[in-house]
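All chains, full assembly: derive it from the sequences and hints.
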Amino acid sequence: MSQTGSNSGTPPIPTPPDSPQSTASYQSRHSTISRRSHSHTSDRDRRLVTLENELRQSNPTRDRLVRDRDHLVLQVHQPRSNIRDMEAFQHGQRDEITRLEMEISTLPHAMGDDRDDLHAQVLRLRTESNDVERHAISAREDLHNAETDRDLLRLEAVQAGDKIRDLQAQISNLERETDDARSESATALASYKRISSSLTRSPSDHGRDPSPSRSARLNRPNVTAR
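Residue numbers are given in our numbering: position 196 of the sequence shown equals residue 310, and the series is strictly consecutive.
Just so you know, not all the hints are guaranteed correct.
Taking lysine to aspartate or glutamate pairs in the EDC-like style, the calculated list, with each CA pair at most 16 Å apart, reads [stated by the list, open to error]:
1. K277 x D177
2. K277 x E166
3. K277 x E168
Source of the hints: derived by calculation from the structure; they are not laboratory data.
This is the structure:
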């Protein structure tokens with residue numbers, strides 16, 4: 115009487131494939147993450163373009179302010195020079211008037227013509243000095259206005275420079291964040307492709323037992339007990 119081995123002819127128990135629902139859920143989650151990452155990157159790109167446009171517009175403005183400031187510096191320098199010249203002239207006139215008045219005071223009263231000539235010279239010098247003083251007052255007002263405009267332009271130029279440096283810093287930070295986001299997105303995409311490839315294998319691959327010992331047992335002929 116023959117007896118069949120207990121493990122002969124037993125078919126392998128296939129490993130159930132991954133649930134289609136779980137695969138779809140993973141793909142959906144990854145798709146959502148990918149869209150969000152792409153959206154954030156796009157937002158950074160748009161912000162970067164906006165900042166670069168602002169920077170391009172700010173550079174000419176700053177350059178114009180610097181040119182206007184330098185022009186006003188020259189305008190301020192000229193009135194200062196003129197005022198110094200007028201003040202020196204006035205000082206000389208005052209000295210001359212003082213000298214003539216002293217000379218008049220020392221002349222005898224009998225020398226009336228000479229005294230009259232000296233008085234006329236003093237009057238002329240005083241008139242010239244008064245005219246110079248009026249011009250000096252006008253020049254000082256012009257100088258004050260020019261200095262005010264120069265200081266305002268200097269402040270605007272400094273503020274424009276600060277804005278440019280701030281824009282450059284923001285652009286640098288955004289570029290770094292964008293590079294990091296793209297690197298993370300590329301890493302996530304590579305991971306998704308690797309996992310997706312594993313999930314989309316054929317069901318027979320999931321049920322196959324690669325163990326050589328199991329294959330040998332399955333392929334071993336039936337042993338008949340005698």
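Here's how the hints hold up against the structure:
no.: 1; hint: K277 x D177; verdict: 13 Å, holds
no.: 2; hint: K277 x E166; verdict: 12 Å, holds
no.: 3; hint: K277 x E168; verdict: 10 Å, holds
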